[in-house]
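Make a model of the complete structure from these sequences and hints.
Here the sequence shown stands for residues 87 to 386, where the numbers follow our numbering.
No wet-lab data here; the hints were simulated from the structure. Bear in mind the structure is a predicted one, so any value in this text is a computation, not a measurement. Honestly, I wouldn't trust all of these hints.
What the hints assert, rightly or not - Computed cross-link-like contacts, DSBU-like style, restricted to lysine-lysine with a CA-CA straight-line distance of at most 35 Å:
{"#": "1", "residue 1": "Lys-290", "residue 2": "Lys-94"}
{"#": "2", "residue 1": "Lys-157", "residue 2": "Lys-238"}
{"#": "3", "residue 1": "Lys-208", "residue 2": "Lys-146"}
{"#": "4", "residue 1": "Lys-94", "residue 2": "Lys-200"}
{"#": "5", "residue 1": "Lys-354", "residue 2": "Lys-367"}
{"#": "6", "residue 1": "Lys-263", "residue 2": "Lys-335"}
{"#": "7", "residue 1": "Lys-208", "residue 2": "Lys-364"}
{"#": "8", "residue 1": "Lys-260", "residue 2": "Lys-200"}
{"#": "9", "residue 1": "Lys-266", "residue 2": "Lys-171"}
{"#": "10", "residue 1": "Lys-195", "residue 2": "Lys-170"}
{"#": "11", "residue 1": "Lys-170", "residue 2": "Lys-266"}
{"#": "12", "residue 1": "Lys-146", "residue 2": "Lys-103"}
{"#": "13", "residue 1": "Lys-94", "residue 2": "Lys-364"}
{"#": "14", "residue 1": "Lys-195", "residue 2": "Lys-157"}
{"#": "15", "residue 1": "Lys-290", "residue 2": "Lys-263"}
{"#": "16", "residue 1": "Lys-367", "residue 2": "Lys-377"}
{"#": "17", "residue 1": "Lys-103", "residue 2": "Lys-171"}
{"#": "18", "residue 1": "Lys-202", "residue 2": "Lys-171"}
{"#": "19", "residue 1": "Lys-354", "residue 2": "Lys-364"}
{"#": "20", "residue 1": "Lys-208", "residue 2": "Lys-94"}
{"#": "21", "residue 1": "Lys-94", "residue 2": "Lys-157"}
{"#": "22", "residue 1": "Lys-335", "residue 2": "Lys-377"}
{"#": "23", "residue 1": "Lys-94", "residue 2": "Lys-335"}
{"#": "24", "residue 1": "Lys-200", "residue 2": "Lys-290"}
{"#": "25", "residue 1": "Lys-200", "residue 2": "Lys-171"}
{"#": "26", "residue 1": "Lys-170", "residue 2": "Lys-367"}
{"#": "27", "residue 1": "Lys-364", "residue 2": "Lys-195"}
{"#": "28", "residue 1": "Lys-120", "residue 2": "Lys-202"}
{"#": "29", "residue 1": "Lys-171", "residue 2": "Lys-290"}
{"#": "30", "residue 1": "Lys-202", "residue 2": "Lys-94"}
{"#": "31", "residue 1": "Lys-146", "residue 2": "Lys-238"}
{"#": "32", "residue 1": "Lys-146", "residue 2": "Lys-202"}
{"#": "33", "residue 1": "Lys-266", "residue 2": "Lys-157"}
{"#": "34", "residue 1": "Lys-263", "residue 2": "Lys-170"}
{"#": "35", "residue 1": "Lys-335", "residue 2": "Lys-200"}
{"#": "36", "residue 1": "Lys-266", "residue 2": "Lys-354"}
{"#": "37", "residue 1": "Lys-367", "residue 2": "Lys-260"}
{"#": "38", "residue 1": "Lys-335", "residue 2": "Lys-202"}
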Amino acid sequence: MFGVYFGKYLVEQGVLKEQQYLDIIEQNKSKRVKLGLIAVNLGFLTEAQASEVNELQKAKDARFGDIAVEKGYLTDDQVGELLKKQGDSYLLFIQALTEAQIMSQDEIKDMLEKFKTDNGLKAADMEALLSSDTDLILDIFTRDIAADETEKDYLRLTVRNIVRFVDNRVRVEKAYKTEKKDAEDVAVQRLEGDVELICALSGKGNKVIGESFGQEEFEALDEDCLDACCEFLNVTNGLFARNLSEEVKTEMLPPEMYPGAAQLDSAKGFTVLPIYVKGEKAELIISTDSKANIISGGNQ
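Structure, rendered in structure tokens:
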């Protein structure tokens, strides 16, 4: 998942073109990281040692790990750890950059430091991004807002479900608070009872969510597509309700849809989380205000 954050940053910095970034993300879906690259990044091998093993592979019909163990560069346990990381999205992205000779390892290290500084990230934040743990990553992008634990639990569950059912390379941006929100093509559901919650998905990304979750292609972001988004919300809210304590009683109302422009307003305010699914932006909009309004047409 870190590859989508770092890759987008490189596009913004002019190091990568948008199409190069998209091509790398698409190609990496079917690739595995080379053990040598992982070993260098983890500090198990130097670049010189990894290159030596790669050269020996050209002359020997043997696996990288077997040769490295034979040379005394790696242990069997270290090889096992490397194998577990072959699907790492960040390392796959780094591998693509170096193989295409877009950036060297040293240039990547420099840009990683700049990425960390420019985004005000701490060492723990970088570890969270590199871990691809969606809950830890989401905490980075929600820590500056005054959201209660119910809202944060809901955001975590919804993002996890988007990763599971829609796009495992999803990218989120910083959440923010607002009392009024202009939206477009909205799928929404309310929860009432001991826990009051209004949950909405808005934007072009809803077409991706509807198609992926509904396993059907739609010609446009129409009512059929929004219906699939509503079903995604219904499934997510069902899981959310089941995760609540048995003493907590809540009821899920039927989902609703608002094709075209709409406006949401709430005296308590909304938490808005921008989410990019397969490159398209959607917004997850939630509030604990049961009296929040949605007006079809809005001010747009």
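Structure-based check of each hint:
With a C-alpha separation of about 19 Å, the suggested pairing of Lys-290 with Lys-94 holds against the 35 Å cut-off. Only pairs whose Cα atoms come within 35 Å are accepted, and Lys-157 paired with Lys-238 is rejected, the gap being roughly 49 Å. Among the hinted pairs, Lys-208 with Lys-146 is inconsistent with the structure: their alpha-carbon atoms are about 44 Å apart, more than 35 Å. Between Lys-94 and Lys-200 the CA atoms are separated by roughly 14 Å; this keeps the pair inside 35 Å, and the hint holds.
Using a Cα cut-off of 35 Å, the hinted pair Lys-354 and Lys-367 holds, with the two alpha carbons roughly 25 Å apart. Note on Lys-263 and Lys-335: the hinted pairing holds, with a Cα-Cα distance of about 27 Å set against a maximum of 35 Å. At roughly 27 Å between alpha-carbon atoms, Lys-208 and Lys-364 fall within 35 Å of each other, so this suggested pair holds. Under the criterion of a C-alpha separation no larger than 35 Å, the hint pairing Lys-260 with Lys-200 is consistent with the structure, at around 19 Å.
Simply put, Lys-266 and Lys-171 have alpha-carbon atoms about 44 Å apart, too far for the 35 Å limit, and the pair is violated. Distance check on the hinted pair: Lys-195 and Lys-170 sit about 23 Å apart at the alpha-carbon level, within 35 Å; holds. With a C-alpha separation of about 46 Å, the suggested pair Lys-170 and Lys-266 falls outside the 35 Å cut-off, and the hint is violated. Proposed proximity of Lys-146 and Lys-103 is contradicted: the alpha carbons are some 38 Å apart, above 35 Å.
Simply put, Lys-94 and Lys-364 have alpha-carbon atoms about 13 Å apart, close enough for the 35 Å limit, and the pair holds. For the proposed pair Lys-195 and Lys-157, the alpha carbon gap of about 28 Å is at most 35 Å, so the pair holds. At roughly 21 Å between alpha-carbon atoms, Lys-290 and Lys-263 fall within 35 Å of each other, so this suggested pair holds. Straight-line distance between C-alpha atoms of Lys-367 and Lys-377 comes to about 27 Å, which keeps the hinted pair within the 35 Å bound.
For the hint pairing Lys-103 with Lys-171, the CA-to-CA distance comes to about 27 Å; that is within 35 Å, so the pair holds. For the given pair, Lys-202 sits about 22 Å from Lys-171 by alpha-carbon distance, which is consistent with the 35 Å threshold. As the CA atoms of Lys-354 and Lys-364 are separated by approximately 32 Å, the hinted pair is consistent with the 35 Å bound. Restraint check for Lys-208 and Lys-94: satisfied, since their Cα atoms lie roughly 19 Å apart, inside the 35 Å limit.
A C-alpha spacing of about 39 Å is found between Lys-94 and Lys-157, which places the hinted pair above 35 Å, so the restraint is violated. At most 35 Å may separate the alpha-carbon atoms for a hinted pair to count; Lys-335 and Lys-377 meet this at roughly 19 Å. Using a Cα cut-off of 35 Å, the hinted pair Lys-94 and Lys-335 is violated, with the two alpha carbons roughly 42 Å apart. Distance restraint check for Lys-200 and Lys-290: the Cα-Cα separation of roughly 31 Å lies within the 35 Å cut-off, and the hinted pair is therefore satisfied.
Between the alpha carbons of Lys-200 and Lys-171 the distance comes to roughly 25 Å, so the proposed pair stays at or under 35 Å and holds. Restraint check for Lys-170 and Lys-367: satisfied, since their Cα atoms lie roughly 31 Å apart, inside the 35 Å limit. Restraint check: the Cα-Cα separation between Lys-364 and Lys-195 comes to about 27 Å, which is no more than 35 Å; the hinted pair holds. Using a Cα cut-off of 35 Å, the hinted pair Lys-120 and Lys-202 holds, with the two alpha carbons roughly 25 Å apart.
Distance check on the hinted pair: Lys-171 and Lys-290 sit about 33 Å apart at the alpha-carbon level, within 35 Å; holds. Simply put, Lys-202 and Lys-94 have alpha-carbon atoms about 13 Å apart, close enough for the 35 Å limit, and the pair holds. Taken as a hint, the Lys-146 and Lys-238 pair is broken in the structure, with Cα atoms around 53 Å apart against an allowance of 35 Å. At roughly 41 Å between alpha-carbon atoms, Lys-146 and Lys-202 are farther apart than 35 Å, so this suggested pair is violated.
Taking the CA atoms of Lys-266 and Lys-157, the gap is about 64 Å. The hint is violated against a cut of 35 Å. At most 35 Å may separate the alpha-carbon atoms for a hinted pair to count; Lys-263 and Lys-170 exceed this at roughly 39 Å. A C-alpha spacing of about 48 Å is found between Lys-335 and Lys-200, which places the hinted pair above 35 Å, so the restraint is violated. Distance restraint check for Lys-266 and Lys-354: the Cα-Cα separation of roughly 10 Å lies within the 35 Å cut-off, and the hinted pair is therefore satisfied.
Proximity of Lys-367 to Lys-260 is assessed by CA-CA distance (about 13 Å); at most 35 Å being required, the pair is judged to hold. Under the criterion of a C-alpha separation no larger than 35 Å, the hint pairing Lys-335 with Lys-202 is inconsistent with the structure, at around 43 Å.
Consistency with the previously given hints fails for numbers 2, 3, 9, 11, 12, 21, 23, 31, 32, 33, 34, 35 and 38, ordered from lowest to highest.
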